[in-house]
Amino acid sequence: MNWLISRIKAFTYRNYIFAIRNFFAMTEIFFWPVIGIISIGLMSGFLNLSGHYINFLLAGAIISGVLQVAQLDVAYGFLYDVWSKSLKQTYIAPVKNYDFIIGSWIVGVARGIIAFIILVFIAGWIFKFKLPGAVYMLPAMAGIYLSAMIIGMIVILSILLFGQRIDIIAWMISVLMMLVCGIYYPVTYLPGSIVAVAKMLPLTYFLEYFRLGYGFELSFSNPLLKGFILSFIYIILLYFGIEIAYDRARRTGMIVKLSE
Amino acid sequence: MVIIETKNVYKTYTRGFLKKHRVNALKDVSLSINRGELFGILGPNGAGKTTFMNILIGLIIPDSGEIIIDGNKIENKYNIELKRKMNMCSGNPNLPWSLSVIEILRFYSMLYNINKKQIENKIEKIMNELELEKYAYTRFDELSTGNKQKLSLAKSLINDPEILLLDEPTLGLDPHIAAKTREFIKKIQKENGITVLLTTHYMQEAEELCDRLAFIKDGRIIGSGTKKEMKKKTKTKNMEEMFIELANQQN
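Protein sequence lines correspond, in order, to chains F and B. The first sequence begins at 1341 in my numbering and counts up by one. The second sequence begins at -6 in my numbering and counts up by one.
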């Protein structure tokens, strides 16, 4: 147990250093999400939207910023090694794949919380944004951090399968997922086939539950339960996928190739 | 007592996207390495030395063959308890580029679960031995090639490995630093009684350092034994002649 904690702490330590030293990582917390909040807030004002609708849109922009920051950290846990060509060195050490997923996710959650506080403060100060009650906000945010882990794991799986050329998906998947899960609109507004996809994604349910706090009607029953069950299923499936892809990468020489 | 044993190890890579072709990296590699010895694998570039090392440390899965390390048969799922007793240093090393020397050593120490109290002492001692103290806060990407190599060696010693794999440890180093690195390898091997498996394509390096040797060419072991045995067998005087003679015999 001590050893497991030490390994997880090692990746948390490394991601933390990357995060504080990398200017680009800092802009992920401050620059892009704040630009998003201000743009959405101004647009809401221009369209003369009432209080609840402004909250609806700003909540979407805040969650979008938090999700992006948190998921990138999980992906970075792996991508930093790929970019530094040090993946081989990490796997020489006695590590398990869950060590760096959990270790980097912890930093992702911490950075996500910082981004959340900043964004809520700015949105409240400039656009009178109000958070829903803690009973809605806390479980929904916990679910959103799980969604961040899922997206990060998809990135890791893809890189192990297809190599470094696929690293661009680290930025694409979360945006696509938010589009399908109804980040700025109820999913029922989407075409039927997309709704069917949205129903399979836990983020849909966490967004719904967050907005329930503003009095919007639910499109699905039991969103929290469905969201958490789906999240755990995806995390387990993706973990097995990563293990299989890792063995395949060892067979094809991909791990070594990613380090050259 | 044998600590590493490989029997009939084969490895083939498939390269190319549309037009696939196969590269035989290792063919029927069987070797036994004794506990506490400094064993050298000597061969030209592309002979299969690094592939062999990567297989031993679990980065590559062979197509077939048997590998036993310290009594553990290596399966697809590598035993992480065994990895804890091993480490590897590669030539032209790459380590996390934005971390400083001390941060890199701290990170890897934590992966091996080195006691928190011991970590700083250990790092200080290793940096001292390898003359890295004044670069403690220098980022990896700002280090010279020689210092990167030293750091890679320091990283490979952080867990006091019982089995140390050194893959071309002096590659690209200037002669002065290469000589110092060789001295250091000899010293730690002698002092700690660890098993060292070293690959090199420098004949002189192998002659200077290794107790026993194996020559590898085109993925196949073409000869192995002590220097004395090999010289006697091939009726040659030095490593270079020995390699040429063995290659000719194989042809």
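Honestly, the hints are just simulated from the structure, not real lab data. Check the hints yourself; a few may be wrong.
To be verified - Here are the in silico distance ranges between beta carbons for each label pair: (1) R1505(F) <-> I61(B): 31 to 39 Å; (2) D153(B) <-> W1465(F): 54 to 62 Å; (3) N65(B) <-> W1511(F): 35 to 43 Å; (4) E1600(F) <-> E117(B): 41 to 49 Å; (5) E117(B) <-> F1556(F): 38 to 46 Å; (6) E1600(F) <-> I61(B): 25 to 33 Å; (7) N1388(F) <-> L11(B): 55 to 63 Å; (8) Q111(B) <-> V1515(F): 41 to 49 Å; (9) P1531(F) <-> T5(B): 43 to 51 Å; (10) F1502(F) <-> D153(B): 36 to 44 Å; (11) G1503(F) <-> E74(B): 27 to 35 Å; (12) R213(B) <-> G1503(F): 24 to 32 Å; (13) E1600(F) <-> D153(B): 23 to 31 Å.
To be verified - Each computed DSSO-like pair below joins lysine-lysine, with the alpha-carbon atoms no more than 27 Å apart: (14) K225(B) <-> K20(B); (15) K110(B) <-> K1425(F); (16) K1436(F) <-> K13(B); (17) K1597(F) <-> K12(B); (18) K210(B) <-> K20(B); (19) K1436(F) <-> K1349(F); (20) K1425(F) <-> K70(B); (21) K225(B) <-> K1425(F); (22) K20(B) <-> K70(B); (23) K179(B) <-> K210(B); (24) K78(B) <-> K1425(F).
Built from N, CA and C at the ideal position, the CB exists for glycine as well.
Hint by hint, here is what the structure shows:
1. Roughly 37 Å separates the CB atoms of R1505(F) and I61(B), a value that falls within the hinted 31 to 39 Å.
2. The hint said 54 to 62 Å for the Cβ distance between D153(B) and W1465(F), and at roughly 55 Å that hint holds.
3. A hinted range of 35 to 43 Å for the beta carbons of N65(B) and W1511(F) is consistent with their spacing of about 42 Å.
4. In this structure, E1600(F) and E117(B) break the distance hint of 41 to 49 Å, their C-beta atoms being roughly 32 Å apart.
5. Under the hint 38 to 46 Å, the C-beta atoms of E117(B) and F1556(F), about 59 Å apart, miss the expected range.
6. Taking the beta carbon of each, E1600(F) and I61(B) are about 29 Å apart, inside 25 to 33 Å as hinted.
7. Between N1388(F) and L11(B), the C-beta spacing of about 57 Å keeps the proposed range 55 to 63 Å intact.
8. Taken as a hint, the range 41 to 49 Å holds for the pair Q111(B) and V1515(F), whose Cβ atoms sit roughly 45 Å apart.
9. Look at P1531(F) against T5(B): about 48 Å separates their beta carbons, and that is inside 43 to 51 Å.
10. Checking the proposed 36 to 44 Å range against F1502(F) and D153(B) shows it holds: the Cβ atoms sit about 38 Å from each other.
11. Hint check: G1503(F) to E74(B), Cβ distance near 30 Å, so the stated range 27 to 35 Å holds.
12. A hinted range of 24 to 32 Å holds for the C-beta pair R213(B) and G1503(F), which are about 29 Å apart.
13. Restraint check, E1600(F) to D153(B): a C-beta distance of roughly 28 Å satisfies the suggested window 23 to 31 Å.
14. With a CA separation close to 26 Å, the supplied pair K225(B) and K20(B) stays within the 27 Å bound.
15. Among the hinted pairs, K110(B) with K1425(F) is inconsistent with the structure: their alpha-carbon atoms are about 30 Å apart, more than 27 Å.
16. Of the pairs offered as hints, the one joining K1436(F) and K13(B) is violated, with about 32 Å between alpha carbons and a cut-off of 27 Å exceeded.
17. Using a Cα cut-off of 27 Å, the hinted pair K1597(F) and K12(B) holds, with the two alpha carbons roughly 19 Å apart.
18. The hinted pair formed by K210(B) and K20(B) meets the criterion: a straight-line CA distance of about 10 Å does not exceed 27 Å.
19. Restraint check: the Cα-Cα separation between K1436(F) and K1349(F) comes to about 13 Å, which is no more than 27 Å; the hinted pair holds.
20. In summary, the hint linking K1425(F) to K70(B) is supported, as the alpha carbons are separated by about 23 Å, within the 27 Å threshold.
21. Distance check on the hinted pair: K225(B) and K1425(F) sit about 43 Å apart at the alpha-carbon level, beyond 27 Å; violated.
22. Only pairs whose Cα atoms come within 27 Å are accepted, and K20(B) paired with K70(B) is accepted, the gap being roughly 22 Å.
23. Distance hint between K179(B) and K210(B) is fulfilled; the C-alpha atoms sit about 26 Å from each other, no more than 27 Å.
24. Among the hinted pairs, K78(B) with K1425(F) is consistent with the structure: their alpha-carbon atoms are about 24 Å apart, no more than 27 Å.
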